[in-house]
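Enquirer: Using the sequences and the hints, build the whole thing.
Protein chains in written order, with the working numbering: chain A, 1 to 287; chain B, 1001 to 1289; chain C, 2001 to 2247.
Incorrect hints may appear among the rest.
A few chain C residues that face chain A, going by a derived Cβ cut-off under 7 Å, partial list only [stated by the list, open to error]: (1) 2070; (2) 2071; (3) 2074; (4) 2075; (5) 2086; (6) 2088; (7) 2090; (8) 2095; (9) 2098; (10) 2099; (11) 2100; (12) 2102; (13) 2116; (14) 2117; (15) 2163.
By construction, these hints were calculated from the structure, which means they are not laboratory data. By construction, the Cβ of each residue, glycine as well, lies at the ideal position given by its N, Cα and C atoms.
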Amino acid sequence: MDFYYGLAQTVGIHTLLGLSAYIVLLTGQVTMAQAAFFAIGAYAAGMLTVLAGWPIVPALGAGALLGAATAGAVGFPALRVKGLMLVVATLAFGEGVRLFFFNFDYQVAKGEIRVGPLGGEGFRQIRYFQENGWSTGEVMLFVWVFVILAMAVLWWFDRSRYGAVLRAVGEDELAAQSVGVNLTAVKVSAMAVGGAVAGVGGGLYAHYTTHIEHANFNVLLATFAIAYPIVGGLKNVFGTLVAVIFVQAILIEGLRFLGDWRNLLFGALIVAAMNLRPQGFLGGRRA
Amino acid sequence: MLDFFQAVSDGLLFGATYALIGIGFTLVFGVMHKLNLAYAAASIGAAYAGLLILQLGAGAPPWAVFLCAFLGGGVIGWLVYLTCFHFIPLSHQLAPLMSTVGMLLLIDEIIVHVTAGMPQNYPAMFDDVMLRAGGFTLRGDLLLVAGVSVLCMIGLLALLYRTRLGLATRAVSQQPVAAQLCGIRVARINALTFIITGLLGGIAGALIGASVGALSPLLTAPLTVKGLIVTVIGGLGSIPGAIVAGLLVGAFENVFQQFRGVTERDLYVMLLLFAFLVFRPGGLFAPKS
Amino acid sequence: MLELKGLSRHFGGVKAVDGLDLSVREGEIVGLIGPNGSGKSTTVNVIAGLFPATSGEIRFQGEDLRSLATHKRLQLGIARTFQNIRLFGQLSVWQNLWVAQNAPVDHARRGFFARWLGGQSGVRAEIAGLLEFSGLAHKQDELAANLAFGEQRRLELARALAAKPKLLLLDEPAAGMNSEEVGQLRGRILKLRAQGITILLIEHVMELVMGVTDRIAVLNFGQKIAEGTPAEIQADPLVRKAYLGGA
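Expert: Listed below in structure tokens is the structure:
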């Protein structure tokens, strides 16, 4: 049973990662920076529970806020970078954040041992759940409370005028401006919301794996982040969820029997999915 | 001071390979207005393909390996075109991009599988030749790398500006619909663009392997990032831009590696990119089309 | 209401608009005509804020527009339609109108929360009114990309109206329309004037221009060569030579 709880946790956390990219993709900004905001949330929440003794929920909240603030800050220069160049700029930003954490040391003595992030070795002993006696099942439910919350909020946005405006901007910025939409406000706010969701996901990730390091937040993770909403389709939040389940549960776990060949299939399946259904599983905006 | 110039010159020579990779990214973007994220991986893959010829006869000379990599690159380039751009309607922006990511992962995994993850030695040419001038050393193998790269660039520019194929390619990059109405088979031009950039990439991959001395699948991610940075700094769609930017990044990177070490080196390349994005977001040369 | 003084817009060596003086008084319908390339669309684009003016003044209700961003001009009360329709194809007709409700009047009436995160119920009546006016009520949930050409043109106009503009810039709204549709458009434009909206109409379709405008300005090579009532313009030999077709 623990195995399935673990799988459900992974699906949940990756869904948060995917959702953080979903809202930004709606505005037409292709972002490879979500893994960076995820990382910031992870380190921040981890440091708050381990080094400052905060309870988990405020720590996650702080991670979300920090993620949102960083994303908002990134959102402004991102406005100046057009189209596919944003992919490169955000990719470079993501790598920059990863390199930052590679060099980041902040250790504090706790009793006889030192805890905290230690550069290339990463941040070990993020044991809030273990120290407070949470079972795997309880952690899983906790993660999914946040996933459902995020999905509900984004679903609500989608059905409100904000959602329609996001999609209008994503489709035709010039027309949107001409009908009075403030592009800066819309694009930066979407980035900030995405940053908040990624921050929560990262915080949960840190506590669930108990050990994080810079290499976890690499280009591959950034790619997963946008892969989920693209493969799932931008029609609504469920597309992202379906894509995460497909990739994590079916591909990675379900094809375990294929052993090493599993990874080969992964790339091939993405290629196949994009050729067979370019608009994504659930469809929606032309991906 | 001499160290600085040495680092710059070595960096420039190696930067010629970055220029080739940058040209590959920028040419596809210029013609199809799409990013082929699999390009660097395909180039490394082609370099590996070059090694296949050694399977046939252990005594194969290095230039045969390079030739094989060159041709392999063309084949892989065509395959990437087929799987990512031929069938997906081009009005979709993200689907082809995601598909190239899938190809990137696929090529990486194939390499890991076939080589069991072990780095493979790569033949070098003229690696024992050293030209000295004053306190200055020019490595023979790096000179070859730069020389071959320059030849490729000249060849490409001649193709684009002196042949009908090049004319058609430039027409498609500026006005695909009008080009089609003039009888140009756009799909064929797109495929040829991929084959040509693939050939270029194969050479680039082989040259990188030759100057590093070994190939490893770990090369693909940093090369992808660096190639994209070169493309952006040079200006998306501009070939002269990619050339200059490639040399610039090569030199910059090597200088910082010399003086600040390998771990910090990449951070400085990022800063260079961000400086350009802030002060000159269009890149060195504004795109032609 | 709108004053252009010595307005110029150069693209490198090309003087698309060259020293244009034009006034549009409140409640008027002014036509802007001229051969292709005479600078009509460029003028609209400069007024709307898509390109900055190279020199000259643009004043709207006394206020200098030149430093204002496009979306801010909309909030001042200037709306425009596009010559090649730029609808949000992946959004429904209803959503296209909803997105465009950015008038300051709306901002004052409903709080931030209601305007952005509220649902559709608050604005149902208003949007229904716009749909009624454009004859699109039966297609309100249809994706804009799936509409027929004439319907798309009507949506384009309705969307400009959603922002409750004081000045409406219409860029060749009759292009591609048949006679009956032009007649319907004429009726709609007159209704808008009756509602108090001032209109600057760029058009090639003479039937519409002559039939609906109070005054016409004629451009050629970026400069105004004539201005007057429709009758005066039709009789003007300079205009006939440049545009209407020989003496």
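Enquirer: Which numbered hints are broken by the structure, listed smallest first?
Expert: none
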